[in-house]
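Please work from the sequences and hints to get the whole structure.
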Amino acid sequence: MTQDQVIEALLAFIAADNADDDAFNAMALDLFAYQFENNTPFRKFSMQRGRTPRTAKTWRDIPAVPINAFKELTLSCCPPEQAARIFMTSGTTNEGIRGKSHHPTLAVYDASMLKNFKHRFMSDLDQIDMGILFPTEDVMPNSSLAHYLALAIGNLGGPDSHYMMRHGGLEFDLIFAEVERAVATGVPYALLGASYSFVPMLDEMRRRGKTFALPAGSRMFDTGGFKGQSRDVALDDFYNQLSTGFGVPRSHCVNMYGMTELSTQFFDWGNETCPSVKSGPHWIRSRVINPLTGEDVPRGEPGVLVHCDLAHFNIVSTILTEDFGFETDGGFVLLGRADGEEARGCSMAVEEFLKAAQGMAAE
Amino acid sequence: MIERAGYLPGLQPDDVEWQTLRFGPDDARLEIAVPVLSDTQMKALAGRVRDASRRHLKTLPVARIVDIIDRAIARMLDRDDPYRRKAEAMLPVVTGYDAEMIRLGLTGYLKTFRRQGLNAFLSEDFPNPQILDEFQPITKGGFARAIGPDILAHIWAGNVPGLPLWSLVSGLLVKSGNIGKVPSGEPLFAGWFAALLAEIEPSLADCFAIVWWKGGETSREAALLGEADVVLAYGGNESLEAIRNRMPITTRYLAYGHKISFGMISQTALDLRQAPATAHQAAYDIVRYDQQGCYSPHTFFVERGGRVSPQEFCLYLAHELACFERKYPRRDLSIAEAGDVAAWRHRQEVKSFSNAEVEVMGDAAGLWSVVYSEGDEEFAPSGLNRTVKIIAVDSLADVAPRVAPYRTLLQTAGIAAAPEELFVLAAALGQAGVTRICALGHMTAPEAGWHHDGRFNLLDIITMTEIERSAETAADAFASYAD
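Line order of the protein sequences matches chains G and B.
Numbers in the working numbering are just positions in the first sequence, counted from 1, shifted up by 43.
Numbers in the working numbering are just positions in the second sequence, counted from 1, shifted up by 1.
Don't read these hints as lab results, they were simulated from the structure.
None of the values given here were measured: they were computed from a predicted structure.
Treat the hints with care, since some could be wrong.
DMTMM-like mimics (lysine to aspartate or glutamate), calculated; alpha carbons at most 20 angstroms apart, straight line [as the list claims (entries may be wrong)]:
| id | chain 1 | residue 1 | chain 2 | residue 2 |
| --- | --- | --- | --- | --- |
| 1 | G | LYS398 | B | GLU242 |
| 2 | G | LYS161 | G | ASP60 |
| 3 | G | LYS398 | B | GLU379 |
| 4 | G | LYS87 | B | GLU360 |
| 5 | G | LYS114 | B | GLU378 |
| 6 | G | LYS114 | B | GLU242 |
Printed below as a string of structure tokens:
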């Protein structure tokens, strides 16, 4: 297949209403063959795992590339210099090296994002006034989330939509004025941003003694968690504060789980209870595996998530994350990383060593 | 089966709240009840220990304390003793380590604390151990006596069986009252040992206590920290820092952070006769407690130029690890630990794609991994749980500069080299921050009286009270028989 053929096929695949097992497998295997042929490091990786397009019978047979490979290797089917856009991870871990995803076109990414976002976040609405608690695409051209939110506000934002973060800080006065305006007009309103950007806003509301009652149909969108960016917040507390602070029921507080290494995102159906069940559209599928053996764990048992995202066509479609979770009815549940687990011994672990070594370098 | 952890003199079990920790698979479930003390109970316990240690422990000659500990250790070494039987039955379930590995490990470890070992501990720190009993003349003139704190608080961590003994025995030898907090990963051993001591010498029954709280629970921790004269804690730097921040400034704090250790193999140890044995010993150090100890090796620097190349040495080592896996299988890993091992191994594999200098060997189920590297890559921890990196070097003299940037994190270097190399390397390693050098095969079993992280086990705990010569001379003037 040529790149154009792949793009055309994928756009049609995404536009379709659904895909059965056979259709998903066929597309996944076609993509595997395409990536195997055009992406040299991925071909080496697959061969080392003893997998080639010849021996793969279903999407489950496609070797999953560990996400740290995105940091070490250039995984791209097109020559990297022909990429229209490169999304990079934030580089907060692993010695500051950033994982890269090259996109020769954003057509597939955008189609994937918009269709899924309309279905899972907009649902009944054609547009909604949005407040974006994240920088613009100009400021962060390599951030997939900045692009994601730009698509949201550009395509589905109402006339009174605004970015509300400037120079790295939230514009509290603007946020509260906009929310108050929505309360006064009775038009549904949405706040969208990284989970950690909601925390200082909630803190500021408490400081100012503010709460709001947004009109029915208003909703919240957060993504990415809190680790390392703001103080850590228990999920139940977070959604309780959001809900009581803005008068938006927890069922309308939606969390998106996405990654720079994917072109498709997962959503829950609100956070009435935590942790919520996440699921994605028909062009992405997930497995839960034992990370050491690569075998599927029995359904319901915890393991590491593997995603096969057809929309991530130029890079690799099947990735091995470092996220823990378990499969359940209607999707999977993400588990916090080793919550509350004490270290086993007094031997240094990689994460702690990096932190300590960085501390020493800073002295 | 329910086993009670802890040792709480003066408290009736019914007056204490208990929480249950569960260990082992469904068909061999072991439930351990751990005590959850109120602040008042913790304070009362501290008062009791302080008082008893003043009245009983501090009046015993140190030789007598040695005798009591020696008798307790003899009981723990006796495979028919009920405490020993309990340890052999329960510790494998609690920690997940192979039962035979624990049995052998316990015996080897406990032998360190027999009479001769205890005397080694004492004489390492006190040329004249009687200084713990009464004022002794000192070289500068005058007299001194070493006085243990009323309460030495121990905050233990990890799941390496028996680890609390190091500091508990140190505390007893200097006659301090001891209150130890056991970790959830191995909450049993310290309590058994305390009960055994009380059985052997009932007058000491109130001189120590073993407590528990959930890691990070600050209020109970604060209750103990407020009562202690000296606090000795093990753990990661983050939790150690948190403890320091909750402690009165006047309390002495001995923090033992997580460490990283490594091995060095000279070309002189890599002839065809020596290499297999060297690999066997290196593998043993890796396998013992699955690299959970601060003395466990993460990396081996292997010198080029021997009959067996560093790359060939990897094959020997891989073979040994595979054999050990049959003899002492690795503990079942939690999903988070498996994730860490997998992430580490994947990172190495990914490096090997872009870098011909890196090679990854391992078994399919991820039970062990050996990574070979001949580049100038950064010294770093392995993924633990039987994952190790072999770095080829032209000369072992290159190693000290490579590890020196991490000096505060270093601990043991296991060395296989000829005598003339050993002392030259040791000097450079000491400069770089290494505090313990031992033979391969001995990395996980420090000898009696070792200086943990380069410090003094006993001297760091005590205070010296000195009678200066002037006081002695002046006293003469007030004697009834003064001329």
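Results for each hint:
no. : hint                : verdict
1   : G:LYS398 / B:GLU242 : holds, 14 angstroms
2   : G:LYS161 / G:ASP60  : holds, 14 angstroms
3   : G:LYS398 / B:GLU379 : holds, 15 angstroms
4   : G:LYS87 / B:GLU360  : holds, 14 angstroms
5   : G:LYS114 / B:GLU378 : holds, 16 angstroms
6   : G:LYS114 / B:GLU242 : violated, 32 angstroms
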